[in-house]
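Following the hints, complete the assembly by docking chain B onto the known chain A.
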Amino acid sequence: MIQSLIAVALVALSALAVATFPRSVLVFLLFQGSLLFVFKARIPERLRWALLAIGLLVLMPVIGYFNSYYLEVATQVGIFVALALGLNIVVGLAGLLDLGYVAFFAVGAYSWAIFGSPHANIIFGGDGFPLAGWWFYVFLFVGLGTAALTGILLGLPVLRLHGDYLAIVTLGFGEVIRVLANNLDKPINFTNGPKGITPISRPPTPFGLPYGEYFYFLALLIVVAVIIVNRRLEDSHIGRAWEAIREDELAARAMGVPLVRMKLMAFACGASFAGVMGVLFSAKQVFINPESFTFLESIGVLAMVILGGMGSIPGAIVGATVVTVLNLQVLKGFSLWLNELKNAGVTVFGFSLADLPTQFEPAKYERMVFGIILVLMMIFRPQGIFPARRRQRELAH
Amino acid sequence: MPSLFECRGVTKRFGGLTALHGVDFAVERGVASIIGPNGAGKTTLFNIFTGLYAADEGSVTFRERPILGLRPDQITALGICRTFQNIRLFANMTAIENVLVGMNSRISLGLWDVLSRNPGFRRTESELAARAVGLLDRVGLSGTANVVARNLPYGDRRRLELARALASEPALLLLDEPTAGMTQGEASALMHLLRGLVADLGLAIILIEHNMRVVMEVSDRVTVLDHGEKIAEGPPREVQSNARVIEAYLGKRGAGPRTRSGA
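As you go down the protein sequences, you meet chains A and B in turn.
Quick note: the first sequence, position 252, residue 960 per this note's numbering, numbers continuous.
Quick note: the second sequence, position 253, residue 412 per this note's numbering, numbers continuous.
There could be a bad hint or two in this list.
[To be verified] If you only want the chain B side, here are some residues facing chain A, beta carbon under 8 Å, derived:
(1) Ala-236
(2) Glu-256
(3) Leu-268
Rather than coming from a laboratory, the hints here were simulated on the basis of the structure.
Glycine included, each C-beta is placed from N, C-alpha and C at the ideal position.
Bound-form chain A, shown alone:
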């Protein structure tokens, strides 16, 4: 009862605070934290879902009206939640360490980027492209299918590999896709190389919704679909077969689990989520180039899955949220704050921050702070923020 009151009060007050101070990073963090609290608090299920629905469907777009950057952050969070959930199937459930996951995101993104921009005219000739905006919805499924197919293509050669070997091959695969995107501007210009593709069409928005809100809602819709699919898979013979493969591959085979089919299915399912989000991403960004699909992105998504708790759906959601918010807001805000101190000429122990050499510029610490957070997390809570029910027990031993 008390928790319910706290939950309602937190959401209401923090939303109000954001409306009052639309520029304060801390206040927006408070709002996000309140939703996180609602997500995990001991309150009636109905109240939980009602509060989350109000927070995500009503309050967030309103906040976005005051400060569109926050809506952008929320959309990014949505994109990464879907990616983390996809990778969670491959790594968390089936136990196949994939270090090139962002490749599937790239495949989805490029599938719409090529056909949704005038660039396709260079490949096919004529002037039939870009496709009309409504094709975007078709391409959400095309991206899904293409990424799933790419997942199977990756899966086939690595069926016999485990652990470290598998990780190395998937890492290579991720790089191959990026290098292909970088170099497939000759002899036929498919990807326009490092220059990237622009302008990528956007679909017409319903009810004259601004694009910020539109992409936010679409990302939210996809995330909900992904969560439902994920839960249904996990809670079925397919999910159990994946976990059996993770636990003991040989025993799983002997008990009648068709190894090849199940592994390919894991790769395809995981990849398909990334494919859909890739299509959304390319339309949202209007411009994409291979720089968006580097190895670091794959590692980032993996960090989300591990930070949240491998094999756990709430874990993947929270992990993706925390890492994205950390990267886009907290660390940026932190270095901005340090910069302000520096510009104001604040002195610490008789040393003026204004004399700091450029090598020590706060913006350069961002990755380091992120790294330190990851290391601390792994030392003090190795099972992740919301570990899967079973993993919790495994680590207790």
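Just chain B now, with coordinates in the frame of chain A:
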């Protein structure tokens, strides 16, 4: 009439070592035991029967169908399932989930059934769960359905492995030292259970076992392997008094302790 399960001239080499040398073996019904000193090739034989190893020579047929070259999951689907010498449960899954994985080859649901949660899916899932609970009861693990496998006591883990193997509805069950590490009382209880399974389900069982009391008590036929070769076969009493068998186990009279290499 041809046997339910038959293997002819099965040979398996690992590099220079011949682990199995032209082994013939057949099971019709009941319990057939395979015994032999360590390294005789008993588990290797099981690994060939279940498709985990490829045999170099010979043929294996199940219900007159050759099974060499089939994948392990295909062999399981045909009706052969096994347990492992060193328990290989899915340690971080619950007891009932372990059993449910064993049913995998009997589930005909596709991806779409899972994603749409249609009535067929829900009916199948609840039937499977009911069957799994029934199997746990049958092997004496009532009430442990939601216990994570690694937290079960040793004897229960052996029994859970048996339940998981039974979940695939096998006609032939391969048990690799099921009583290893059990007390005599636990072993007897398990043998009683196996006898019950043979009687009720018409199951055939191939048993690898070191506990001679168990072997003599439960077996219809006993096959003795030594150094990858079959050295004796017949009813338990007969095999027990076979001179070559005694020699393989105890060494030649007056020759001192026998030394082994390879294996």
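Going down the list of hints, with the structure as the test:
{"no.": "1", "hint": "Ala-236", "verdict": "6 Å, holds"}
{"no.": "2", "hint": "Glu-256", "verdict": "6 Å, holds"}
{"no.": "3", "hint": "Leu-268", "verdict": "7 Å, holds"}
Of the numbered hints listed earlier, not one is contradicted by the structure.
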